[in-house]
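Participant: So the protein lines, in turn, are chains C and L. Per the numbering used here, the first sequence starts with residue 484, numbered consecutively. Per the numbering used here, the second sequence starts with residue 8, numbered consecutively.
Rather than coming from a laboratory, the hints here were simulated on the basis of the structure. Certain hints may be false.
[Claimed, not checked] With a straight-line cut-off of 27 angstroms between C-alpha atoms, the simulated DSSO-like cross-links for lysine-lysine are:
| id | chain 1 | residue 1 | chain 2 | residue 2 |
| --- | --- | --- | --- | --- |
| 1 | L | K14 | C | K537 |
| 2 | C | K552 | C | K535 |
| 3 | C | K537 | C | K579 |
| 4 | C | K486 | C | K535 |
| 5 | C | K537 | C | K552 |
| 6 | C | K579 | L | K72 |
[As the list claims (entries may be wrong)] Computed footprint of chain C on chain L, listed as stretches where at least three residues anywhere in the stretch have a Cβ under 8 angstroms from a Cβ of chain C:
| id | segment |
| --- | --- |
| 7 | 51-63 |
| 8 | 111-122 |
We treat Cβ as the ideally placed atom computed from N, Cα and C, and that holds for glycine.
Residues per chain are reported as follows:
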Amino acid sequence: LAKTTQPISMDSYEGQEVNITCSHNNIATNDYITWYQQFPSQGPRFIIQGYKTKVTNEVASLFIPADRKSSTLSLPRVSLSDTAVYYCLVGYDTGKLIFGQGTTLQVKP
Amino acid sequence: SAVISQKPSRDICQRGTSLTIQCQVDSQVTMMFWYRQQPGQSLTLIATANQGSEATYESGFVIDKFPISRPNLTFSTLTVSNMSPEDSSIYLCSVEAKDAGYGYTFGSGTRLTVV
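The shape of chain L in the complex, shown without the other chains (with noise of 0.2 angstroms):
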């Protein structure tokens, strides 16, 4: 299955500022799609993204917090604009794996601090 690469790992940010999380994948994938864990929670989409198309976002997440790039369909970015404490999170990215019924892949994740 493919081999997602996540960067940083991890970022203590103040708040107002903006972070942007890298996500590259070993091959190449039609779909890429993002997910935000809060502390102790369940996973949540916060949109998918479509390689030469502005990215889908789910009810609840808005462009204008959340800017995505997908450059191309081995890349993609998110970021996460003018920060506040609820924004600490854990950051994932996932793609479709490309075997017959293995599912989803998913990186490692970025963990956000936001002080």
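Next comes chain C alone, as it looks inside the complex (with noise of 0.2 angstroms):
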């Protein structure tokens, strides 16, 4: 299973777009890339998930490269409430998510 890379916190403030990048160097043919977000409190929820381009639902943009090495979820006009911790998960669809120690992010007004 790929191990990911990403920012252990980041700052932004209400309106912006956020952009969190996630590097798995050693993704597989296989492997999607997805995306979850935790409130306290909570469990994880399910943002979006893509293999290659772009990808795009009604709440962020997914954006892979080529060489899939990287991605980058981005988050457009962020509030208060979009502030949570994001996990970058990448794997084949068999249920066994590795999460890494995600992304807090801080929506400051």
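Using the supplied hints, reconstruct the complex from the two chains, each of which is provided in its own coordinate frame.
Facilitator: Structural data, given as structure tokens:
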């Protein structure tokens, strides 16, 4: 299973776009890239998943370059309620999710 | 995606006792997963539970300490046995979301404090 590296913490202000980059140099051919969000006292919540290029849904975009050795989660116009821990996971879809330390995003007014 | 109900949401237990955590899913699922999240830490997979077979435990977790039941396709329990303060954590269950591209759904967790 591919190891991921992401920043421990990030600060932003309301209304800004936030980009969190995750490195996964040993990603395998079958691996997907998935991001989860976790608020205090809650379980992680699925945000977005992708394999290559760009994926967009109603809450975020995921950018994956051609070599797939990294990926960037983009959160448009964050609000205070986006303050949470964001996890980047890489692996084949088996349910055996390996969570790294995550990125704690603090959104300030 | 699947809706998971986890009980209890929190508990404070005496050391040496055991606590059974329940996970109920609103749809039938093949595999259910149990995770532990220690204070301020990330999630660690404890075991995978398939209906009708023994659970598969990850390195560092054993059946005697964390027995798991999976009596049907919508329900599972995790027992934390002979508890010590080091077992104080949040325990979460997870299942695959049925809709393609939605990853895995997690319960809200059970916050366990052992005193």
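Participant: Run every hint past the structure and note whether it holds.
Facilitator: Cross-check of the supplied hints:
Taking the CA atoms of K14 (chain L) and K537 (chain C), the gap is about 38 angstroms. The hint is violated against a cut of 27 angstroms. Under the criterion of a C-alpha separation no larger than 27 angstroms, the hint pairing K552 (chain C) with K535 (chain C) is consistent with the structure, at around 10 angstroms. Between the alpha carbons of K537 (chain C) and K579 (chain C) the distance comes to roughly 25 angstroms, so the proposed pair stays at or under 27 angstroms and holds. Restraint check for K486 (chain C) and K535 (chain C): satisfied, since their Cα atoms lie roughly 18 angstroms apart, inside the 27 angstroms limit.
The hinted pair formed by K537 (chain C) and K552 (chain C) meets the criterion: a straight-line CA distance of about 14 angstroms does not exceed 27 angstroms. With a C-alpha separation of about 20 angstroms, the suggested pairing of K579 (chain C) with K72 (chain L) holds against the 27 angstroms cut-off. Counting residues of the segment 51-63 of chain L whose beta carbon lies closer than 8 angstroms to any beta carbon of chain C gives 3, which meets the minimum of three for the stated coverage. Closer than 8 angstroms: that is the beta-carbon criterion, and the segment 111-122 of chain L has 7 residues meeting it against chain C, so the requirement of 3 holds.
Hint 1 alone, counting from the list given before, is not met by this structure.
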